[in-house]
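Peer 1: Chain by chain, the residues:
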Amino acid sequence: MALRDQIRIMVVDDMSTSRGLITQALDAFGVRNVASTADGPSALKALESTPVHLVISDYNMPGMDGLQLLHRLRSGAKTKGVGFILITGKADKAIIDQGRKFGMNNFLKKPFEPKDLQACIEAVVGRL
Amino acid sequence: MNDTNDPMAEIRASFFIECEELLEALQDGLQQMDDGSDDPETINIVFRAVHSIKGGAGAFGLEDLVRFAHRYETVLDEVRSGKLTADAEAMKVFFQAADHLSDLVRMCRDGQDIDPNGGDNLIAALNAFLGDTEEEEVTAEDFQPLGVMTLDLPDLDAPATPPEYEILFKPGQELFTTGNEPQTLLRNLAALGTAQVRCDRGDLPDLSSLAPETPYFSWNITLQAEVMEDEIREVFEFVDGLCELTITRLDDDTESPSALPDLPAVAEEPEPEPTPAAASVELAPEPAPPKPVAKPESSSDAAPPAKAAGPKSVVRVDLERIERLVNLVGELVINQAMLAQSLDQAGLSPHSDAMNGLEEFQRLTRDIQDSVMMIRAQPVKSLFQRMSRIVREASAAVKKDVRLITEGEATEVDKTVIERLADPLTHMIRNAVDHGLESTADRKEAGKETTGHVRLSAAHRSGRVIIEVSDDGGGINRDKVLGIAKSKGLVPQDASLTDGEIDNLLFLPGFSTASQVSDLSGRGVGMDVVKTSIQQLGGRIAITSERGKGTTFSISLPLTLAVLDGMVVNVAGETLVLPLNVVEETLSLGPEDVQMLRPGHNVVRVRGGFVPLYDLGIMLGYRGARDTLAGAIVLLISLEDGTRAALVIDGIQDQRQVVIKGLDDSFYRAPGIAAATILGDGQIALILDPADIIAAAGPMRHAELARPERKAVNE
Numbered sequence: 001m002a003l004r005d006q007i008r009i010m011v012v013d014d015m016s017t018s019r020g021l022i023t024q025a026l027d028a029f030g031v032r033n034v035a036s037t038a039d040g041p042s043a044l045k046a047l048e049s050t051p052v053h054l055v056i057s058d059y060n061m062p063g064m065d066g067l068q069l070l071h072r073l074r075s076g077a078k079t080k081g082v083g084f085i086l087i088t089g090k091a092d093k094a095i096i097d098q099g100r101k102f103g104m105n106n107f108l109k110k111p112f113e114p115k116d117l118q119a120c121i122e123a124v125v126g127r128l
Numbered sequence: 001m002n003d004t005n006d007p008m009a010e011i012r013a014s015f016f017i018e019c020e021e022l023l024e025a026l027q028d029g030l031q032q033m034d035d036g037s038d039d040p041e042t043i044n045i046v047f048r049a050v051h052s053i054k055g056g057a058g059a060f061g062l063e064d065l066v067r068f069a070h071r072y073e074t075v076l077d078e079v080r081s082g083k084l085t086a087d088a089e090a091m092k093v094f095f096q097a098a099d100h101l102s103d104l105v106r107m108c109r110d111g112q113d114i115d116p117n118g119g120d121n122l123i124a125a126l127n128a129f130l131g132d133t134e135e136e137e138v139t140a141e142d143f144q145p146l147g148v149m150t151l152d153l154p155d156l157d158a159p160a161t162p163p164e165y166e167i168l169f170k171p172g173q174e175l176f177t178t179g180n181e182p183q184t185l186l187r188n189l190a191a192l193g194t195a196q197v198r199c200d201r202g203d204l205p206d207l208s209s210l211a212p213e214t215p216y217f218s219w220n221i222t223l224q225a226e227v228m229e230d231e232i233r234e235v236f237e238f239v240d241g242l243c244e245l246t247i248t249r250l251d252d253d254t255e256s257p258s259a260l261p262d263l264p265a266v267a268e269e270p271e272p273e274p275t276p277a278a279a280s281v282e283l284a285p286e287p288a289p290p291k292p293v294a295k296p297e298s299s300s301d302a303a304p305p306a307k308a309a310g311p312k313s314v315v316r317v318d319l320e321r322i323e324r325l326v327n328l329v330g331e332l333v334i335n336q337a338m339l340a341q342s343l344d345q346a347g348l349s350p351h352s353d354a355m356n357g358l359e360e361f362q363r364l365t366r367d368i369q370d371s372v373m374m375i376r377a378q379p380v381k382s383l384f385q386r387m388s389r390i391v392r393e394a395s396a397a398v399k400k401d402v403r404l405i406t407e408g409e410a411t412e413v414d415k416t417v418i419e420r421l422a423d424p425l426t427h428m429i430r431n432a433v434d435h436g437l438e439s440t441a442d443r444k445e446a447g448k449e450t451t452g453h454v455r456l457s458a459a460h461r462s463g464r465v466i467i468e469v470s471d472d473g474g475g476i477n478r479d480k481v482l483g484i485a486k487s488k489g490l491v492p493q494d495a496s497l498t499d500g501e502i503d504n505l506l507f508l509p510g511f512s513t514a515s516q517v518s519d520l521s522g523r524g525v526g527m528d529v530v531k532t533s534i535q536q537l538g539g540r541i542a543i544t545s546e547r548g549k550g551t552t553f554s555i556s557l558p559l560t561l562a563v564l565d566g567m568v569v570n571v572a573g574e575t576l577v578l579p580l581n582v583v584e585e586t587l588s589l590g591p592e593d594v595q596m597l598r599p600g601h602n603v604v605r606v607r608g609g610f611v612p613l614y615d616l617g618i619m620l621g622y623r624g625a626r627d628t629l630a631g632a633i634v635l636l637i638s639l640e641d642g643t644r645a646a647l648v649i650d651g652i653q654d655q656r657q658v659v660i661k662g663l664d665d666s667f668y669r670a671p672g673i674a675a676a677t678i679l680g681d682g683q684i685a686l687i688l689d690p691a692d693i694i695a696a697a698g699p700m701r702h703a704e705l706a707r708p709e710r711k712a713v714n715e
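From first to last, the protein sequence lines are chains A and B.
Letter by letter, the first sequence follows residues 1 to 128 of UniProt numbering.
Letter by letter, the second sequence follows residues 1 to 715 of UniProt numbering.
This is chain B alone, in the form it adopts within the complex (with noise of 0.2 Å):
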């Protein structure tokens, strides 16, 4: 057999994505039982997909998955039988032996040893819900099979006669008075095959008792069409009531002309093997005439009955095509900004038939893109199940009593950006567990409900996607980490913080709180880690807290890794380009709007509020100070968390898309710069993350300016 074109081989790797599909159905099934369904479809659908793993698993020989699906598929068709209720201690062992079973799945599909043991516990715990009922299976020898006695098919090659249906409709009153129209009705069935319309007046009366308003005529349709009797009653749906209406099939009876003899029965032999008798059977090659056809076109030629069924058919693409379009799509991007600048400098008039075609073309790029884009993104749902076995998992290790909710599951992201949170989600959700959460003992001296709570959510706003982990346990007890942070020489002794500040110390490289690390939230690896894979995204991640009340982590992802709606600024000579969602409006610096707080540190007046004022000259290192502050352009700056700021530039180009182009890991890492991008007249420039620049500016100072607004308005 051909190595590279094994159908086996694709079947197998079909099998395996097929399953990815079914463990998530299993698992929303599973959480929809555990949040009180009793719809009876959603253990249909539970049971189903263990069974179709199982028999999927069965036909390419995986003994242990087989094993183990089986015993998990026979006690949750107890629970479908009504035999066995799915009280909590059930679904605990459901979800587990779902967890179990999608590991047997992985391993089975990447080739690994399975220890034949693994999932002893779990068997014996699904044994524990059995009674000793056991199945009364029929076996092939209990079960006589029948043979076809008729095998009479048309002819593969004559076109099979469509139905034909007989179509009694008699418009009521109500039918005109409502604005419908027998004529359309009529037409709307013709077009579904070949008609015959008869038109009964018998009912007509002499033109002096003729009113007209009343219906008097009735039709008589003959159809001849692929269709079924639903989608004719279809066509009369909105006159449903209001008509007469009697379909039917004519050609229901009709046998069609035998093409292939009978088959002799072959059931009279007990064993289902073949015998030489059976096999001498052979079908007489005589073809009959195929029955006539009453319109060619009509008929279905060779058309294939198999046809993707379900409520919407998805296709399978390769990643690296849509990479591909993706990129192209970025090229399409630049060489329309490029193209766009070409024509404007050759001085064309803007009601010219070039440029109003260029704006055409804009907009089909913006399309195109956004179309691109969504190829692209995918619910984060499937991110969140996994989070949820990580809660499990991490709740009996440390023997907390958890919950896991989850808000907004269908938010949509971008798949790179799916794939490369799950290992900083996976930390922060094993934090929240093992830090976050308080012990049971500590939760039931507090007063709390001894089940902690981790909430994981996801959400747009403000063009971005904000995801976040919260938990309902202690908050970050500051006195210890300020303590930690100190004795670690991270913090000077004499350091005052604020809340705040002591917070954001837990993003410190090799920050460890928990007195003795625990194997669950490992060793090594910290929040610095998270926070670094966040950024690496284009995100960020802020932290709040209360005593008592709890942690909450917000990280904040760019929709797309792509492009950017961005605006294009000069500062001291150089490009740059911010991100058109968090530039909240500009200004012109008038000599009045800058107040100094300390030398420096300024803040600027907007509308009787203060934001503090950053030069974004000095921070990047361009230039020094400007003599003076008036008359500059400023970017008011709102971020997700509520955060304002004023950047001074020295002027602004342009807004546009731009293409986001990674910078290399070999570039050092500078404060502020997110990526690069080229322009349209071929140039480069840096992106700007203006979370970064405002957080680079110094934890310090930043806490002081946190607020001016309320501390001006006190004052």
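Bound-form chain A, shown alone (with noise of 0.2 Å):
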């Protein structure tokens, strides 16, 4: 059984269009196990009963930013040993050098190609 087919992963992306893609994208990879939210708290909320592998997560969001999503992912016992990966517009120093500080994972800068986020998950996964 290869990675792809236990890999849970969930996508948080204010923009359903972006939610669209990425899990199209990960679909393309063989990966089915995959939820989304359009939130942090919805997010958070969700990972509580099922949790994942693998949170792939916008930064820009109204409420609760990427960043702030980490964080609280870190400080919960169930969460903090998730794997998160960033998706930004702007890899910002500011924002990067926070996200590591997180325990961020891994980032990717929008736009991307399917084959970047593929390195991008596998970089922190393994091949999937």
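Keep in mind that a hint or two might mislead.
Claimed, not checked - Just a few of them, taken from the derived set where beta-carbon distance is under 10 Å, the chain A residues facing chain B:
#, residue
1, 14
2, 27
3, 48
4, 61
5, 62
6, 81
7, 85
8, 87
9, 123
Read the hints as simulated data drawn from the structure, not as lab findings.
Source: prediction; values computed, not measured.
Every residue, glycine too, gets a C-beta built ideally from N, C-alpha and C.
Now that you have both chains on their own, put them together as the hints suggest.
Peer 2: In structure tokens:
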């Protein structure tokens, strides 16, 4: 069984287009266990009952941004070990440094090709 | 890939829909900023809208859109971080940039060619706000990805164990005196999941020293439930402060048994590319026994974690489906009317079950109808936002300083009406900017504020939607208007017209007052076209103007294009329907009530005042004048503009809802006839537009009688 059959991923993005694009790309890689939510609080709530291996989250979201979500994940007993990839439109040094501090596993700058996303994920979890 | 079901094409289509929402949020935010809002969230929303459009556009390779959005976003980010102040100059550029962005989005959507240099001026204007600070970006090479060390998730098929909480609850004295009941709270708590409740009675004194109003018990509850701590607190919301409450998460550190082994870290590799070493890592399929679950029913079995988030959830429905529903409801209304008629003819007692059932059926039909109409209703906001752009462009073209004030943006109107209002409203707004408002120099000379104002408002009034476009310009130059009308042969040279009649000349076909036709308001298209568009929507347009103060165009539209509360009347053997909302009252004429103003022109006395009287039979050409008006039935009509009129009819049949069936274009448009309907007995009846009938009675006559009450009182 390949990793892609087992891995569970949660996509967090306030823009449904982005959620659709990432889910679509993951689907093309053969990753089928993908959940998505439109904001950080819903993601945290969903993760309470259904944990995932990897969270792929947008940075710029209303309310709770991607880094705040990361911080909340890292402080939760159940979620502190989850993989976290930040999708950002601007790889601002301040943002990336903060991410690093919070234990971000990787980041991906928009726009990206599906193969970039795959490489980014595989750098965190290994070959899909 | 299957063309009809290409997932990318679907996502692309949904991107453009999302863009429309983002553009609306952008306009809204900019408007708030322009109105002086200093809420940091406003600029965040504005920034995020542009940012999200850029992000999506990048994914679809829409380079021109990305390039422009990026510039725009960079400047907005400066505002967001406080490095740039959004002064009037900046706001002007931001609005223009929003307009350009919206053009780009639509051009990308429709696959139109984009002039790669089209936005250069704006980009230059945006760049002017930026210092030379270049953004410091991190490249992927600078970041060392962290491999996930543990992938210790429970087996997919094993239901997750709900979290366990220990809750200590000790009511205080006031909990009882305020009428709260611990039992209810405990029950609500147990409803969340599986609860084990233990009552601590240790504090209970001897019976002799027991104070009956003092709480002695406390409770210790172990709750296993798929909830967050906040949800537990919510149960105790109403007794907050009236009790001692401690909530402890019990299983916080209990690690679930691992179904998946840890993944070896792959982060040692500086290149984020997958290597064969990482590729060889396979997950051991050894499943660990799932942790026994206390109560399987309470576990969330395979519930998808994804949930539509946000304050309200929205479903997008194909408009065709709604149209179909609207049509079906229309048929239902007709059907119900027919059923009512046959039951009535069957001579059933009004107290029979069938009649009672029918009553209920009528009520439900009406509810369904209202609900369906609500689906079609949309706030006029999107329409108004488009108009603010028209004002910006029009005012720039004629070099006038103009501010648009909008009111009642939340007013909901049928979607079709909104769509079909865009063109006439655009024309009216351009007219207001171009012709309505004076030049800056003229305003200064007149001692007015140099900034001209155009006000666009929407409101519900007496069952209709009123949309007004007004300006604070010079008002209609009536001498000039009359002069043009005479020179064009639109009115006789010796005609003497009232102010209102002169104003209404603007609606005559081919009328244009601008001495030079500007390229703004266009050629050939005049207010007559606007009037026709409004009439086709079942609406009316009126004009009022005051010299030096400004002009107001008022559009009155029906709330829905599908159904009407109507009064069914007889005139000379014909069945006609009048909108019920204009019928103020019905009267039976006495011999003293009618007074002749001049032959053929009568007024009727209504409680001391006089109202012009029109005979529908004559006006519609059904018959000649009645021998006597005494004993005739009249409907007292009251229009939104305050005009009143009395219509002579031969009899009233009924009040009922009718489904509006539009008259085909192939029918000659007869004045006063708005549409048709099918009645309960299958008969076709014409629906009248009273205002149009009164207007059709001729401007001279109408003007003469416009306010007879006042005349009568003065005499």
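Peer 1: So, for every hint listed, does it hold in this structure?
Peer 2: Tested hints:
| no. | hint | in the structure |
| --- | --- | --- |
| 1 | 14 | holds, 7 Å |
| 2 | 27 | holds, 8 Å |
| 3 | 48 | holds, 7 Å |
| 4 | 61 | holds, 8 Å |
| 5 | 62 | holds, 7 Å |
| 6 | 81 | holds, 5 Å |
| 7 | 85 | holds, 9 Å |
| 8 | 87 | holds, 8 Å |
| 9 | 123 | holds, 4 Å |
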